[in-house]
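Going line by line, the protein sequences match chains A and B.
When we follow our numbering, the leftmost residue of the first sequence carries the number 1, and every step to the right adds one.
When we follow our numbering, the leftmost residue of the second sequence carries the number 83, and every step to the right adds one.
To be clear, the hints were calculated from the coordinates, so they are not data collected in a lab.
Keep in mind that this is a model prediction, so the values were computed, not measured.
Beta carbons are placed, not taken as given, at the ideal position from N, Cα and C, and that holds for glycine.
Wrong hints could be hidden among the right ones.
[Unchecked claim] Simulated crosslink set (DMTMM-like; lysine to aspartate or glutamate; CA at most 25 Å straight-line):
(1) B/155 to A/64
(2) A/11 to B/196
(3) A/3 to A/51
(4) A/11 to B/232
(5) A/3 to A/36
(6) A/41 to A/81
(7) B/155 to B/196
(8) A/11 to A/36
(9) A/41 to B/118
(10) B/159 to B/251
(11) A/52 to A/36
(12) A/11 to B/98
(13) A/3 to A/78
(14) A/11 to A/51
(15) A/11 to A/49
(16) B/155 to B/195
(17) B/252 to B/195
(18) A/52 to A/16
(19) B/159 to B/205
(20) B/159 to A/64
(21) A/5 to A/16
(22) B/159 to B/196
(23) A/11 to A/56
(24) A/5 to B/137
(25) A/5 to A/81
(26) B/155 to A/73
(27) A/41 to B/195
[Claimed, not checked] Taking CB as the label site, the calculated pair distances span:
(28) B/214 to A/57: 42 to 52 Å
(29) A/5 to B/275: 37 to 47 Å
(30) A/34 to B/297: 22 to 32 Å
(31) B/94 to A/20: 36 to 46 Å
(32) B/190 to A/58: 44 to 54 Å
[As the list claims (entries may be wrong)] Here are a few chain B residues that face chain A, going by a calculated C-beta distance under 10 Å:
(33) 92
(34) 155
(35) 156
(36) 181
(37) 187
(38) 231
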Amino acid sequence: MIKAKIFVTLKEGILDPQGRAVQQSLRILGFSSVDDVRIGKFLEVDVQETDKSAAEIQVQSMCERLLVNPVIENYRYELLDP
Amino acid sequence: MNIGVIVFPGSNCDRDCAHVVSDVIGQSVYLIWHQDTSLRGMDAVILPGGFSYGDYLRTGAIAHLSPIMEAVKTFAKQGGLVLGICNGFQILLEAGLLPGAMLRNQNLSFICEEIYVRVENADTPFTNHCQPGQVLQIPIAHAEGNYYTDPISLSSLQAHAQVVFRYCDKEGRVTPEANPNGSLDHIAGLRNAAGNVLGMMPHPERCSESILSNTDGLAIFQSIVASMTNRSSTLAF
Chain A
1 MIKAKIFVTL KEGILDPQGR AVQQSLRILG FSSVDDVRIG KFLEVDVQET
51 DKSAAEIQVQ SMCERLLVNP VIENYRYELL DP
Chain B
83 MNIGVIVFPG SNCDRDCAHV VSDVIGQSVY LIWHQDTSLR GMDAVILPGG
133 FSYGDYLRTG AIAHLSPIME AVKTFAKQGG LVLGICNGFQ ILLEAGLLPG
183 AMLRNQNLSF ICEEIYVRVE NADTPFTNHC QPGQVLQIPI AHAEGNYYTD
233 PISLSSLQAH AQVVFRYCDK EGRVTPEANP NGSLDHIAGL RNAAGNVLGM
283 MPHPERCSES ILSNTDGLAI FQSIVASMTN RSSTLAF
C-alpha cells in the first residue's frame, strides 16, 4: 500500500480571509514577525498499489477530477511506502 | 411545462422551488432524485439550494459527480434551460457548466439577509420578465458566495453580457458596501456563453408570493415559462 499525502492550497493572489484572520490573531499574541498566513487542506489517501508510478498516476487523476478545484487551488503530493 | 427539481442529499430548498413552480406559477413539477440517470423529458431543470453532501471538500464538489449530473450536462449541451440557485449555482460551477469558483465570504460569516441585485441582462430566458437595470430584492443565505474567476475569464463574461445580476443598493448603485460577500465584480448571477444555463446566489423561490411580502423572485420563474412557451411556438412553426 502506498500513502499519498496531498496538500491543497489557494492559488497565489487569491484572497484568503481565513488566513488573514489567523494572521491577525497571531499578531495579537505577539508574533509580530508573522507576515502572511495561508490556510489549505491536507489529505491522506491510502492507495492499494505496490507500484509507486501506478499510484502516482491515480493520485494525479484524483486531484484533477475531484480533490482540487483548478480555478482557485494548487496542489502537491508526497508518496510514502508503508 | 414540465420542470424538474433535482434533489441531492442535503438539498433544502427543493420543496420551496417545487411549491413555486406548481402552486404559484401553475406548472407541472417533478422532484428528481440525484441517483436517477434521466431527466425524463423535462422542459427545464432547477438545481436547488441547500448543503448537498454537507458541503464536504468544497461546496458542490461531491454533488457534481452524482449520476443525474451526466443527464444535466447533456441536457444543457442540447440547449435545455438549467437554473442553479445558491448551492445549485455552486454545483454548476464545479460541474464546469459555468466558469469560475466560489470562495468563502470575505467576512467569513454565513450571511442570511435581504439584499438587492440589479438585472444587468434582461435578454435571457431567466430574466425576460425584468427590465434592464431593474432592482430586485431577494434574500441570500450562504457562506460561500464570493465568486472568483481569472481575469481572462472575467473579461469574457463581461464582453458577452454573461453577468446577469450584480449586488447593488436599493437604488441600484453597485457599491462596495452593497456587495455582501466580496464577490468579484459584484457578481450575484451569471449565465453560460450559450445563454441557457444560469447560476444565481440569491433565492428567488423565497420571495415569489405576496404572503411572504415580497414577489420580486417571481419574475425569474415567469421568465422561464415565457421563454419555453416562445420556444415551443417557434418549434411549432
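Report holds or violated for the interface hint on residue 156 of chain B, using the least CB-CB distance to chain A and a cut-off of 10 Å. violated, 19 Å
Hey, residue 3 of chain A versus residue 78 of chain A, does the alpha-carbon distance stay inside 25 Å? holds, 8 Å
Can you confirm whether the C-alpha distance between residue 41 of chain A and residue 195 of chain B stays at or below 25 Å? Roughly 30 Å separates the two Cα atoms, so the pair is violated.
Verify the proposed pairing of residue 159 of chain B with residue 205 of chain B, using a straight-line Cα cut of 25 Å. holds, 20 Å
Decide if the proposed pair is consistent with the structure: residue 11 of chain A and residue 98 of chain B, CA atoms, cutoff 25 Å inclusive. violated, 37 Å
Straight-line Cα separation of residue 11 of chain A and residue 49 of chain A no greater than 25 Å? Distance ~30 Å between residue 11 of chain A and residue 49 of chain A Cα, so the pair is violated.
Taking the CB of residue 5 of chain A and the CB of residue 275 of chain B, does the distance hold inside 37 to 47 Å? holds, 39 Å
Taking the beta carbons of residue 190 of chain B and residue 58 of chain A, is their distance inside 44 to 54 Å? violated, 34 Å
Closest C-beta approach of residue 92 of chain B to chain A relative to 10 Å, hint status: violated, 17 Å
Within 36 to 46 Å: is that where the Cβ-Cβ distance between residue 94 of chain B and residue 20 of chain A falls? Check failed, 30 Å falls outside 36 to 46 Å.
CB of residue 214 of chain B to CB of residue 57 of chain A, is that within 42 to 52 Å? Holds: the Cβ-Cβ distance is about 51 Å, inside 42 to 52 Å.
When you check the alpha-carbon spacing of residue 41 of chain A and residue 118 of chain B, does it fall within 25 Å? Measuring from Cα to Cα gives roughly 32 Å; hence the hint is violated.
Violated hints for the displayed structure, listed by number in ascending order: 2, 5, 7, 9, 10, 11, 12, 14, 15, 16, 18, 22, 27, 30, 31, 32, 33, 34 and 35.
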